[in-house]
Amino acid sequence: MIIEGKNLSKYYGSGENKVIALNNANLKIKSGDFISITGPSGSGKSTLLHILSGLDTPSSGTVTFDGKDIYKTKDNELSAFRRRKVGFIFQQFNLLPVLTAKENIIMPLLLDKIQPDEGYLTEITDLLGISNRLSHLPNELSGGQQQRVAIARALITKPDVIFADEPTGNLDSKSGNEVLEILKNIWQTFGTAVVIITHDSSIAKMAERRLTIVDGVLSEVTS
Amino acid sequence: MKSYHSFAWKELKAQKITSILILIAIILSTMMTTVIGQSWGILQALRVQQAQNLNGNRYATFHNLTYDQKTILEKDGRLSFVGSHIVLGTSRLKNSGISLQLREYDENGLSIYPAISKLKKGRLPEKAGEIALPQDALDYMGFKGDIGDTITLDLYVSLFRDAEVFYEYQADFTLSGILQSNYLGYGSGVVIGIAGSGTAEELLPQKYLVYSTDFRTADKGSFQHTVNDLAVKTGVSKNHIQYNWIYLNALGIEYDKGDIDEGKTRGFSYMTLTGIMTGALVLLAAGLVIYNILKIAVSKRIKVYGTLRALGGTKGQLYSLVTQQLVMLCLIGIPLGAFLGVISASGITKAATSLFSPEIFMANNQEELNMLISQNSTGKLLPLLISAAITLIFSFLAAMPAARYAAKVSPVIAMNGITVKVKRKNRKEKRIRNFEAFYARLNMKRNAGRTAITILSLLMSITVFVAVQSFSKLLDASKDIRKLHLGDYSVTNDTTGFMPSIVEELKIPDGVSSFSTLKYSLYKQEKDGSLSIETGFELMPGETLQIIGVDEARLNALMPSLTKEQMQKLKDGKACLVKNPIAISYGGQPGSATSFVAGDSILLANNELEVLGNCDAVTLDNAGFVNGVQVIVFDTVYDLLTGKSTYSELYVILEDGADTEAVEQKIEQICNETSGSRWLSYRNTDKQLEESYQQIKLLAWGLILFIGLIGLLNVINTIYTNIYTRKNEIGRNTACNRYE
Chain A
1 MIIEGKNLSK YYGSGENKVI ALNNANLKIK SGDFISITGP SGSGKSTLLH ILSGLDTPSS
61 GTVTFDGKDI YKTKDNELSA FRRRKVGFIF QQFNLLPVLT AKENIIMPLL LDKIQPDEGY
121 LTEITDLLGI SNRLSHLPNE LSGGQQQRVA IARALITKPD VIFADEPTGN LDSKSGNEVL
181 EILKNIWQTF GTAVVIITHD SSIAKMAERR LTIVDGVLSE VTS
Chain B
1 MKSYHSFAWK ELKAQKITSI LILIAIILST MMTTVIGQSW GILQALRVQQ AQNLNGNRYA
61 TFHNLTYDQK TILEKDGRLS FVGSHIVLGT SRLKNSGISL QLREYDENGL SIYPAISKLK
121 KGRLPEKAGE IALPQDALDY MGFKGDIGDT ITLDLYVSLF RDAEVFYEYQ ADFTLSGILQ
181 SNYLGYGSGV VIGIAGSGTA EELLPQKYLV YSTDFRTADK GSFQHTVNDL AVKTGVSKNH
241 IQYNWIYLNA LGIEYDKGDI DEGKTRGFSY MTLTGIMTGA LVLLAAGLVI YNILKIAVSK
301 RIKVYGTLRA LGGTKGQLYS LVTQQLVMLC LIGIPLGAFL GVISASGITK AATSLFSPEI
361 FMANNQEELN MLISQNSTGK LLPLLISAAI TLIFSFLAAM PAARYAAKVS PVIAMNGITV
421 KVKRKNRKEK RIRNFEAFYA RLNMKRNAGR TAITILSLLM SITVFVAVQS FSKLLDASKD
481 IRKLHLGDYS VTNDTTGFMP SIVEELKIPD GVSSFSTLKY SLYKQEKDGS LSIETGFELM
541 PGETLQIIGV DEARLNALMP SLTKEQMQKL KDGKACLVKN PIAISYGGQP GSATSFVAGD
601 SILLANNELE VLGNCDAVTL DNAGFVNGVQ VIVFDTVYDL LTGKSTYSEL YVILEDGADT
661 EAVEQKIEQI CNETSGSRWL SYRNTDKQLE ESYQQIKLLA WGLILFIGLI GLLNVINTIY
721 TNIYTRKNEI GRNTACNRYE
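Quick mapping for you: the protein sequence lines, in order, are chains A and B.
In terms of my numbering, the first sequence opens at residue 1 and continues consecutively.
In terms of my numbering, the second sequence opens at residue 1 and continues consecutively.
These are computed hints drawn from the structure, not numbers from a lab.
Please note: incorrect hints may appear among the correct ones.
[Unchecked claim] Sample of chain B residues at the chain A side, in silico, Cβ under 8 Å:
no., residue
1, Tyr4
2, Lys10
3, Glu126
4, Val304
5, Leu311
6, Gly313
7, Leu381
[To be verified] Ranges of calculated distance between the beta carbons of each label pair, as one might list FRET restraints:
no., chain 1, residue 1, chain 2, residue 2, range
8, B, Ala14, A, Asp69, 32 to 42 Å
9, B, Arg404, A, Asn170, 24 to 34 Å
10, B, Thr734, A, Glu181, 39 to 49 Å
11, A, Glu220, B, Ala735, 13 to 23 Å
12, B, Ala14, A, Glu123, 53 to 63 Å
13, A, Thr62, B, Ile386, 46 to 56 Å
14, B, Pro401, A, Glu181, 24 to 34 Å
15, B, Lys13, A, Asn170, 39 to 49 Å
16, B, Ala14, A, Asn177, 29 to 39 Å
17, A, Gln188, B, Arg404, 42 to 52 Å
18, B, Ala14, A, Thr122, 21 to 31 Å
For glycine and all other residues, C-beta sits at the position ideal for the given N, C-alpha and C.
Work out the full structure: start from the sequences and follow the hints.
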């Protein structure tokens, strides 16, 4: 087991205006897991993902990584957790516009004051098919290519878990399928755990474990 | 890319407008602080130069010295300059309010008075019996001859602060040179003539062969200590020490102020304070620009900072990324600003000075003036470093809120985009007559901070304008000289006086803007010490009583702190101002003097007058203070006390652009009608003084220009920021309008 979320809840506002985004969710992510989380808009999928990945604090409950509550550590340690242990793939790609594709990919390493392993960089960029796009700025790349750069950025630190928040939401179906294939390939090749949030039930079906969330309540889908 | 730090530079390059605006703010603020720092040196030097030329390049003068006493000063190693002169005597210039004082200078003596030794024709006197006189003095004397002619002068001489009768004599001199007129002397009623070496010995009795020795100390810090020590060594009494306070104040040298008006010496500290305040306001203005621009730059890139946080960037790293951007801009902006500041500071002054003749600035030629400016504008590394450090500190202080904002951003919120929170208290529904005006009002209210910054910028520009204007006036050393006289003309009659009807007549000509008057009565003690006026007090031997009647404006000028009630008391004949006499020493023994202070009551011609305070001496025709008690009362009260109603002196103040010829004709006519009258024009004096101040004023305007630019930058930035932050809203409004 890598990450465990226990009794996770997230509220916004108070009194009459109180909104429950996540209600007492429990989830364990083990090494090599491929988990999909589905649910309607506003059901709390992204909130759960943000809390599990150390991006947002829960209102109650704990998130432990190797038995240690990540939200009880100092900001520097939490930042190091995000830098080294997890990788993110966002629906909006979130590439830094002033950096080239290569610079975007290696940024998590640079923030950790580590120089990239050129061999590994070549391996993943070849795998993602962006070797010839490395000197391009994000606005010179197509949506699919930008998402591949984002995937390479998530992989560069060799994280234990990759969190993907609607990774195909901003792509056409062809590019979307290609990205999914890549993610599956990564999971198989590197053995990295993947947690993917999606609306698409066909994508969800690709996962090993399927979870669904409705009105902040998380449940396992048993087929 | 080897380090995440490179990201800062790439971000800077990408945000061109923002970076350029911050860069301009840094350059302008460094320029400003540099100009202030550098100009301070230049302005100070010019002020010193001006003061030096007004009263001579001397710190102090010991009067009534014997040859041996003079030699003690000449041999003292602590003095960097010693020069002496002997006063040969004073001669009243006919039909004028001024006197000619003839002096014999030693080898060094004349070198420190460049303003009085500029030759127009001929040469300076070299041997006994030769003299050089200023052109205006010769004109007053009605001299029509040329170099080499003989001039007969009626002279009188007395020792400095001596109670004894003058020594009067007549002597013939050979005119060796004609000096350029120096109108500055009109302020004190004396112009200087120069006599050749040995003249004094030939003409004066031994008693009057005394030296006035001017000197400067090598060490400015120990000036007063040296003076005190030299006074003891030479046996010179305090009364015979004259401080060149205009020059000492300009140099910031501490000295024994004695009875010198505190108001005259306050200038420097107030000037420094004004300078500091101006600098602080400039930095605040620049700081607001940097704060404003950086804040919007960070807000604009908040998604980027959120992404960096999500990727594992620490708060410290984000903080450092924002500050690094500023460091880079400072690295470019500060040296550039400092360079431009140095050039501007000396450039403004040189440009200003080139508009006028160097003589106006009391330098002998343009090169001398430029050298003076250069010496004081370059090589001043410390002020330069201080300017750079101050700008750097202020820039960082201004950048801190933006950097903190970037560092503390929540990655989730940042990546999703921050929703603008608007608080609107007033939600009453009113009919919207003009949507643009309604929306502008809402925007101003919802961004109270930014609106406040814009208003503050404008306010600061105005404040700095006023401050710089006032501090430039403080730099004018000549203002104290100008204070010595009142009005553009003085018309004097100290015998019969002018009848009130004549005063009314003088008010008539066009161009006379205002008018001031002086009534003056001098009462000397009889042998038994009695006076021809009844008093409730006794004077010390040798002292006189002077009753002076002046108008309200002059009373206010003599004592600016007068309240309305006090002024009423003065008008009602229940109060007066007093100038106390100077204690005269007899045979080296310090004497005592009559003294009245505020709150005392004096009885004069059966009238009891409350003393409201002590003021400066009021002198007739600037002829110098006749030692005694001066009781200054309101014009009509004077009539009551003295039983006289004639005016001794009239001061005419002209409007700008007035027909001076017509006014002068009228004055001349009045003088001819009342025998014993004379008149004097101060217009040339004021012109000379005013021009010497022009350069300082122009430099001050240069400073104001920069401050205006910074203010403008702030306003432009605020507008830019407002437009940028509401880009979406503006887009929506445009879309709505199109569909409508």
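We went through each hint and held it up to the structure:
1. At a threshold of 8 Å, the smallest CB-CB gap from Tyr4(B) to chain A is about 4 Å, leaving the interface hint in force.
2. The interface hint given for Lys10(B) holds, since its Cβ lies 4 Å from the closest Cβ of chain A, which is under the 8 Å cut-off.
3. At its closest, the beta carbon of Glu126(B) sits 81 Å from a beta carbon of chain A; the interface hint therefore is violated under the 8 Å criterion.
4. With a cut of 8 Å, the hint placing Val304(B) at the interface with chain A holds, because the nearest CB-to-CB distance is about 6 Å.
5. Residue-level restraint check for Leu311(B) holds (minimum Cβ-Cβ distance to chain A is 5 Å; threshold 8 Å).
6. Because the smallest distance between the Cβ of Gly313(B) and any Cβ of chain A comes to about 5 Å, under 8 Å, the interface hint for this residue holds.
7. A cut of 8 Å between beta carbons decides the hint on Leu381(B): the least distance to chain A is about 38 Å, and the hint is violated.
8. At about 39 Å, the CB distance of Ala14(B) to Asp69(A) agrees with the hint of 32 to 42 Å.
9. About 32 Å separates the C-beta atoms of Arg404(B) and Asn170(A), a value consistent with the hinted range of 24 to 34 Å.
10. The beta-carbon spacing between Thr734(B) and Glu181(A), approximately 43 Å, falls within the hinted interval of 39 to 49 Å.
11. For the pair Glu220(A) and Ala735(B), the beta carbons lie near 46 Å from each other, so the given range of 13 to 23 Å is not met.
12. Distance hint for Ala14(B) and Glu123(A): a CB-CB separation of about 30 Å, inconsistent with the stated range 53 to 63 Å.
13. As the Cβ distance of Thr62(A) to Ile386(B) is approximately 54 Å, the hint placing it in 46 to 56 Å holds.
14. In this structure the hint that Pro401(B) and Glu181(A) lie 24 to 34 Å apart at CB is violated, the actual value being about 47 Å.
15. Checked against the hint of 39 to 49 Å, the C-beta distance between Lys13(B) and Asn170(A) comes to roughly 27 Å, which is inconsistent with it.
16. Look at Ala14(B) against Asn177(A): about 33 Å separates their beta carbons, and that is inside 29 to 39 Å.
17. With their beta carbons about 44 Å apart, Gln188(A) and Arg404(B) fall inside the hinted range of 42 to 52 Å.
18. For Ala14(B) and Thr122(A), the Cβ-Cβ distance of about 28 Å falls inside the hinted range of 21 to 31 Å, so the restraint holds.
In this structure, the hints that do not hold are numbers 3, 7, 11, 12, 14, 15, in rising order.
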